[in-house]
Every structure is written in structure tokens, then in C-alpha cells.
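What follows is each chain in one-letter form.
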Amino acid sequence: MTDAKITTIEQLHAYLYAALQLEHATIPPYLTALYSLRNESNSPAWRILRVVVVEEMLHLSLAANVMNAVGGTPDLTAPDFVPDYPACLPDGEDDFAVDIQSFSAAAVDTFLMIERPAQAPRAELRLVPRGASARHLLAASPTAPGMQYYSIGEFYAEISRGLRYLSDEYAREGRELFTGDRRRQVTPEFFYSGGGEPIVVTGLESALRAVDFIAGQGEGLGGGIYDAGNELAHYYRFEQLKAGRYYQKGDQPGRPTGPALWVDWGNVYPVLKNAGLDDYPTGSELRRVAHEFNETYAGFLRFLTKAFTGQPELLLEAVPQMFRLRDDIRRLIRNPIPGRDGVHAAPTFEMPGVAGSAAGSTA
Amino acid sequence: MLFPQGAAARTDPQTVSGTIYDAVIVGGGIAGAIVANQLSRAGQRVLLLEAGLGEDLTLEGYEDYLTRFYSAVSKDNQSPYPPNANAPMPRPSQVRKITPGRPDSSGYLVQNGPYATDSTYTRVLGGTTMHWEAKVMRMLPEDFEMASRHGQGLDWPIGYGDIEPYYQAAEREIGVSADVADQAYLGVTYPPGYVFPMRGLPLSYLDKMVAAGVDGTEVEAGGERVALKVRPFPQGRNGIPNPDYDGGRGYIPVGAVSTHQVEEGGRCQGNNNCVPLCPVQAKYHAGKTLAKALGNGVELLAQAVAYRVHTDPVNGRVTHIEFRSYRDPSSPEYVTGTARGRIFVLGASAIENARLMLASGLKSSSGLMGRNLMDHAYLLNWALLPDIAGTGRGTNSTGGIVDLRGGSFRGRHAGFGIDIHNDGWGWATGSPFSDLLHIVDAQHKFGPELRRALVDQVSRQLLLAFMIEVPPSQSNRVTVDPVHRDQLGNMRPVISYSVPDYTMRGAAYGRRLAQRIFERLGAEDYTAYDPADPGYVTYEGQGYAIRGGNHLGGTHIMGTSPANSVVDTALRAWDHQNLYLVGGGAMPTIGTANVTLTIAALCFKSAEHMIEQLRAERAPVALSGSTSGSAQ
Chain A
1 MTDAKITTIE QLHAYLYAAL QLEHATIPPY LTALYSLRNE SNSPAWRILR
51 VVVVEEMLHL SLAANVMNAV GGTPDLTAPD FVPDYPACLP DGEDDFAVDI
101 QSFSAAAVDT FLMIERPAQA PRAELRLVPR GASARHLLAA SPTAPGMQYY
151 SIGEFYAEIS RGLRYLSDEY AREGRELFTG DRRRQVTPEF FYSGGGEPIV
201 VTGLESALRA VDFIAGQGEG LGGGIYDAGN ELAHYYRFEQ LKAGRYYQKG
251 DQPGRPTGPA LWVDWGNVYP VLKNAGLDDY PTGSELRRVA HEFNETYAGF
301 LRFLTKAFTG QPELLLEAVP QMFRLRDDIR RLIRNPIPGR DGVHAAPTFE
351 MPGVAGSAAG STA
Chain B
1001 MLFPQGAAAR TDPQTVSGTI YDAVIVGGGI AGAIVANQLS RAGQRVLLLE
1051 AGLGEDLTLE GYEDYLTRFY SAVSKDNQSP YPPNANAPMP RPSQVRKITP
1101 GRPDSSGYLV QNGPYATDST YTRVLGGTTM HWEAKVMRML PEDFEMASRH
1151 GQGLDWPIGY GDIEPYYQAA EREIGVSADV ADQAYLGVTY PPGYVFPMRG
1201 LPLSYLDKMV AAGVDGTEVE AGGERVALKV RPFPQGRNGI PNPDYDGGRG
1251 YIPVGAVSTH QVEEGGRCQG NNNCVPLCPV QAKYHAGKTL AKALGNGVEL
1301 LAQAVAYRVH TDPVNGRVTH IEFRSYRDPS SPEYVTGTAR GRIFVLGASA
1351 IENARLMLAS GLKSSSGLMG RNLMDHAYLL NWALLPDIAG TGRGTNSTGG
1401 IVDLRGGSFR GRHAGFGIDI HNDGWGWATG SPFSDLLHIV DAQHKFGPEL
1451 RRALVDQVSR QLLLAFMIEV PPSQSNRVTV DPVHRDQLGN MRPVISYSVP
1501 DYTMRGAAYG RRLAQRIFER LGAEDYTAYD PADPGYVTYE GQGYAIRGGN
1551 HLGGTHIMGT SPANSVVDTA LRAWDHQNLY LVGGGAMPTI GTANVTLTIA
1601 ALCFKSAEHM IEQLRAERAP VALSGSTSGS AQ
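Line by line, the protein sequences give chains A and B.
For the record, in the first sequence the residue sitting at position 71 is 71 according to our numbering, with numbers rising by one throughout.
For the record, in the second sequence the residue sitting at position 331 is 1331 according to our numbering, with numbers rising by one throughout.
Hints are not guaranteed to be accurate.
[As the list claims (entries may be wrong)] For the chain A half of the interface with chain B, some residues (derived, Cβ under 8 Å), not all of them:
#	residue
1	43
2	54
3	57
4	119
5	188
6	242
7	246
8	259
9	263
10	264
11	266
12	314
13	317
The set of hints was computed from the structure by calculation and includes no laboratory data.
Quick caveat, the model's predicted, so the values are computed rather than measured.
Where is the CB? At the ideal position from N, CA and C, for every residue including glycine.
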């Protein structure tokens, strides 16, 4: 247990990199589910998925702000940054798979698990031995191999604890923990979604606020359904889809009483779950387009890395970039895969040049 | 912005008829919304009567408008808004060329001519701000003094300095994106340190192409040389919040409105169909203010069309407004209701305010009710640029030339602003749909060749829209005629209108200037005005097609006395001490600024007086034996 504790700046950086990875890892499944909805239908589902994606982008920016503030360098282009799907997230002493798949009741169940509030029932269960799965686990401890956090919430609790600990240690030694270049901070000018805005991290207080925001926007604050910014937490946003009803102020978890909403579960393109380039016939147009998309997506991650390492104003261009991603993903999703009996293509999110994926080859 | 669930159905005609409100407001557009919000914030009980359908404002309802627009064959500025025979609205498709002496009553507006206007206003919750372009320029100081400075039109009874603080309030309410440095020209001033809520939106690539050819060009106007420059417009759409706003407190943009939490519209995405409807609600519409007002407890009664304003024959005060409440837009059935209040506010648009007053037999002791109808006259000029200019990107209009909005030349001819249209020739020719048809039908292209031809054609289009001032003229007017009624029995507006020579001199100057600008840009002029166009006007042997601007004003102008005007500087009717007529109708001139910002500013000013009046009239009267000493 003590092995996993953050006691050095290098460990803090490793944890924050894992946080960036984690926040990003939900984006491909959310985007794929979003764009599997047929155009101009399923508006409530579309809206809910869209805002969650935008807010995951915000979380990514916040994690980058914290990392920059403590002198780290966010790098979204590292070879292991994008997980192989299905990705794997902690579920208490077990883990669960996060698939890239069409919008469906099963997909929403997964999203609920991603965003679910969960505190370890006992302190000694905060960090538990890894489950049997050999897959790459997100929110594992980057410093204690073989151990995983009970939940995403516990993972962020350790980052907060580590920030406090190091801040105290540094203060005792007369050093400053928050030495990062302020010009690297993503400020509200360069990002806002309506669902919260970037917190500029300049010290311990703002760093903790940023970490709390990331954790709280997923699962709500202190057992409530809203986060610190009075936004409905992601877990409860998704729950609305299953309940067929919106939450409103004053509601208790599990009992939304707002306006009714309607989901047309069948009005969706059925895409191949966790598709890889090898699922598309060699030499086919689908394979070419899927490969091109991966190149574009890798470019998008390079672009974000630039934005997070000194050019925050680049984020203004993220909107048109994401429009382009949308168009590219839809191009794939609208096409059935030859010989697969009506199953449609999907983006594979295999980053070119990464060993072990077929992403490097278009042949 | 959360719209309180069920707020649109808080009351019903019967309850309303049995209640005395502090204020009864007619019209749920920007004017009515601002007044309702201000009064309710001050603790007043407010009823808002809306003629259009009144469901809660939800994202789904908004999307129905969008779907309607996407599937409409004609993408005109009313295309998202379904027909409603009980609250009809003018539609561009209804305009017919007028034969002298034969009024056209085929559309909602009965048009006497000689000029047939295609101007519109939108009778839905949120009003015309649903379809507006959201260009929010302030009027120039000289616009308030046209008679004394230029010997044209009328002076306002208030000046720029009087309205300036209210412009700030309006800029906050609408959420304006602009930079002071770009907007301080021709005498427009701001208090030291003022910044707009959000930073200015950038010029489009097309604007920059035009600027490269035009900036610094000198033209002669009124004996003076004026250098032209392409400037960004202030916009009522969300951009980058300015952290220096409000003494460093910053500004939080207001996004989409719905009964459930949605996060959309926080920032403009450049979809380029601001008119007739922003797909993401990054553009301000009055629903954003209505949501706040209803959150304060304002009662909304929709599907309630004001039918008649009743007054006390002795003191002229309004006693009640009789309205007709319908259930089904397609059925003429209605029940009559009565709205009673201490004060009454008409904010139903310049044309509807005058129509209602005249239908109620209230012509104003000045005789000016309905007169001085104004609307900007638009002259379109279109050309093809030599190079791809990125037309079709950005919002509808991000920049233009405003140097000839004011100047000494206005003694002789009208001033104007020039809009550069990022949406290409659409307004003039129906592009890009017309281009597509032409390339397919006449040039027989298909596949990649068709795609290339379309890009080549559309992305070089340049449309310069000259927005020309129209001075007040008593013969341009709204009247009513019991012969012409709508399905609900309301008298329809009858419009008599001609474009003044002063304006046409401006148009003629503008046309020559457009030709010069095209020449400088190496652009091929495709402008052609069709004599069969309902808006065709001949001036000094030349023909021009004049489009309406939807910037209606002047039907109940503000002035210094009951003899020269309908309302005072508080927008209170001289003849009816508890009636306020708000909106563009109160403007004695409309200058060369789109009218909504000024309408909003005047509403903030007027609402202060309303609150004062309500408080004063409710204060206990001191009875001291002498009547002369009672509370004033």
C-alpha cells in the first residue's frame, strides 16, 4: 500500500500522466457512441453524449493544467497514451471492459460504470491487487505495479493527497512545488463549454480544486447529483437515458422528476465492437479511410499536446478540428463492412507507429 | 439557461381575468422580455401576453424549428416558424408587386404601396430575435440630432449621452462580443476603461480579402474626403469572454435555453446560418431573457392575442386589455379574456403596437399613431471575386464598412453601412441552391466536376449589402381597416410606404460606390435589378431593387410634447398615463444602426420609470386637508 503513495515529484508526474490517459481514454468510446446515432434523431441521447465528450476535453485540459503547474510536460503522443480497446477500468477489486461500440443499453451501462461514484468501503481497500485481467488497466497505480485503485475516485484521492504531501514537504524544505510556466495554463478564454470552465492552477488550492472538479463532474459532489459548478454530474446525465426522464434541482439520486425524455434505442448504426484495421479487407476503401482517420486522430493528439505545452490559444481551433473528426467518424460509421451481414465500420483508434497494432499498415 | 419547467402554463385565461397585475405586457420578444425581467426583479407582479404558441422553451422545441428550416425549400427568415392563422406574420414569399391603386391583401400585411416591403417580424415566443442577425451597433451621436445637425428628419428628445448607460445594460443582456477600439468611430464614445462582455469576433477571410483592396481608399462625400476601412461588427453572439469586463469580474456567456440542463451555445461555431436560426443558440435570442423573467415568477399567457386596449374616457388611463385566447392555431375558435393591471406595456413590434392601438380607436392626440413607419432600405450588390475567398464560412456577417454611416453629406443624402456577407449571394440570388441548379441543369455537370464547379462559384461570391437610412415621413404609415381581419378577427396592419428620395439619393451613391469597390477588387459585377421585383424603385432614370431590413421603427415616436409625438422620453404614452409603448416604434429616427440594441437600451430606461411609477402610485397618499400637497 505505501508503495503507491506519491512521495516524489516524479511520482506525481507519473500519476498526472495516468490521469491524462484516463480522461482521454473515455473519449473514443463516447465519440463512437455519439456518432453511431443516426442523424437528426435521438436528440436527448445526442445532447447528453456530446456534453460529456466536451467535458472530458475539459478534464483533459484541467489535468494538463495541474501537470504544467507542477513542472510536468503533458504528452498525448507517447506510444502508450491511447489504450488498446477494450480498455480496462477498476471496479472495486475487479475490473471491467470499456468497449468501443454503438450507442446501446449496454454502452450506457458501461458509461454508468465509468462515471459511477464509488468510495472504498474500508481504507485498506483503496488500493487492491490487480484483477486477473492481463489488459492494460487505466487508473492503476503507476508506481506500484500489480496494484489498482478501488475506483477512479480513489485514484484522484491519491493525487490530491500527493499534492498536499509534496506541497508540505517542499514548503518545509523552503522550495516551491508550483514552478510551472503560467503561460502554459489553459484559461477560460481558450476553452469553455457551458459545462464548467478551466481552473488556472497556480498553487495547492487551485490544484486541489481542479482535481476535485475532474472527479466531481463525473460522479457528483458529496453524494449529490450536481457538481461544484451546479452541473449535473455525468453519472446522472447517463442515468437519465435509462430512466427516460431528466433530473432537476432538488431531485434525489435515482429518482429524476424533470421533463420526460425519449430514446430511440433502435435508431442507431450497428458498428463492429472494438474494430481493428484488420477487420477491414486488405486494399479496401474502408481500410484506407479508417487508417486515414487514425492519422488524423494522431494529428489531433499532437495538436492538443502543442496546446498544452505553451500554445493554449490553439484550443480555439479545436472546434473546427472536432468537426472534422465528426465528419471522418461518420464517414466510417455509415458504411457496412463487406461480408459482415449489415455490421457497420467504426474508427479503430489505433495510433500509427504503435507496436502491436495494425495501424502502421494500410496494405 | 434553464427555463422553469411548466412556466409557460402557470396561468390560464380565467385566472388572468380575475387578477389585477402590477404590469401587463403584450409581446414576448426582446422588449417585453427585458421589461418583464426588470419589473419582476423589482418585485412587481407581471403578466406577459404572447400571441404565438406558448409551450415551455425546450431544446426539443428549438430543434423542431431547426428541422423545419433544414427541410424548407425556401430558406427565408421565417422558414423555421410554422404558420399560425391566429397570430399570422409577414413572410417574404407573400410579397407581390403592387399595381397603383390596387392594394395587395394576399399576405398578412395589406400593402397599399407604392413600395411593397418584404420586411418581416416573427410572432413566436422570443420574437424577431429568433431570426435576427444579431449585429448590435450603437447609434451615432449625430443620429439623435438629425434635424439640428443635418436638417433632415427629427431630433430625439434625448441624446447619446442620455442613452449611453442603457446601451451598456443592453450589451450586458445580449452578451455582445466586440472590442472598443474597433467600435469607437464617428463620435461614438465609451466610458474610460469600458470593455464589452466578450472580445470582438475576428474578421472572416472574405472580410480580409475585401479589406486588402479597400482599406485606405478615399471617397468624396458631401465635399469631404473619407477613407474607407473594413471593420468588425459588434455581435450578439457568444465569443471569448473578456476577463476585464465588469471591473475584472468577467462575463459568463449564456448558452442554450431548455427546461433541462444543456450545455450548448457557449461559443459561436461559425455555422453560418445565424439568420433564420442559430443551430446551437450561441446567438442571443429573447428566450434567454424570458427564461430569467419566468424564473422571477412572471406569469406567461401564450396563445392570447391582444384584441383591444380599453381606456377610461375621463382620464385616458388604460383600464384593461381585451384579448382573444385560442387553443388551436388552425381553428378560429377563441375565448375572450381581460387583463387588468396598474400599468400596461405594449412591446409587440412597431407594426403590431400601432395596429393594436389604432384597432382600439386610439390615434394619439398628435395624430401620429402609426405614422413615420421606418425600416432600413437595403441595396444589394453582388460580384464574383477573381480568387477563392472562402465565402460560406464564418457567421453571416462579421465585418463591413461603416465610415459613411455619418458625415456632413447627410444634409443631402442618406448615410449607410455596408455589410460584407459571408453567406455569399444567398440574399440576392438564392445561392447556393440556385448555383447548384444552374450547374446541374444548364451546365450538365455531375460528380467531382460538379463539386469543383460549385466550390469555384460559391467561394468567390461577394455580396455587399448597403443598409441605408430611411428618415421619418408621416405618409409612411400603418393603418387598420375593419375590412381586413385575420382568422381571429383582429384587424390586420395596412401599410402605405414609399422609399424617400433622400434614401434613394443614398442608394444611387451607394451603387456607384459598390461599382468602384468591385473595380478595385478586380471583381466581376453581376448585380442586376429586375423591374418585376416587388421592391423595384426607379430614381432619376435608374432602377434599384430595395429590400426591407426588418428594422421596423417609428410608429409611435418619442418627442418633447403631446403635439409632436406619441410617447415621452420614458416611452409613456402622452395620452395614457399608465401605458408604455416600447420597441422600435418609439424611435424618432433609426439612423444606420440595426435597431435591436437601441430598442433594448430604451427598454432598460423605460423600465426604471415604470418601477418608479408603480412605487409612487402605490405609496399611501398623504391626506392633509389640502389637495395640493398630496404625494407627487
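Outcome of the hint check:
Here the hint on residue 43 (chain A) is kept, as its CB sits about 6 Å from the closest CB of chain B, short of 8 Å. At about 7 Å, the closest approach between the beta carbon of residue 54 (chain A) and any beta carbon in chain B falls short of 8 Å, and the interface hint on this residue holds. The closest approach between the C-beta of residue 57 (chain A) and any C-beta of chain B is roughly 12 Å, which is over the 8 Å cut-off, so the hint fails. Checking residue 119 (chain A) against chain B: minimum C-beta separation of about 25 Å lies over 8 Å; hint violated.
Against a cut-off of 8 Å between C-beta atoms, the interface hint on residue 188 (chain A) holds, since the closest Cβ of chain B lies about 6 Å away. At about 15 Å, the closest approach between the beta carbon of residue 242 (chain A) and any beta carbon in chain B exceeds 8 Å, and the interface hint on this residue is violated. A least Cβ separation of about 4 Å between residue 246 (chain A) and chain B falls short of the 8 Å threshold, and the interface hint therefore holds. Against a cut-off of 8 Å between C-beta atoms, the interface hint on residue 259 (chain A) holds, since the closest Cβ of chain B lies about 5 Å away.
Here the hint on residue 263 (chain A) is broken, as its CB sits about 13 Å from the closest CB of chain B, past 8 Å. Because the smallest distance between the Cβ of residue 264 (chain A) and any Cβ of chain B comes to about 13 Å, over 8 Å, the interface hint for this residue is violated. Violation of the interface hint for residue 266 (chain A) is found here, the shortest Cβ-Cβ separation to chain B being roughly 19 Å, above the 8 Å cut-off. Here the hint on residue 314 (chain A) is broken, as its CB sits about 14 Å from the closest CB of chain B, past 8 Å.
A distance limit of 8 Å between C-beta atoms decides the matter here; for residue 317 (chain A) the minimum to chain B is near 11 Å, and the interface restraint is violated.
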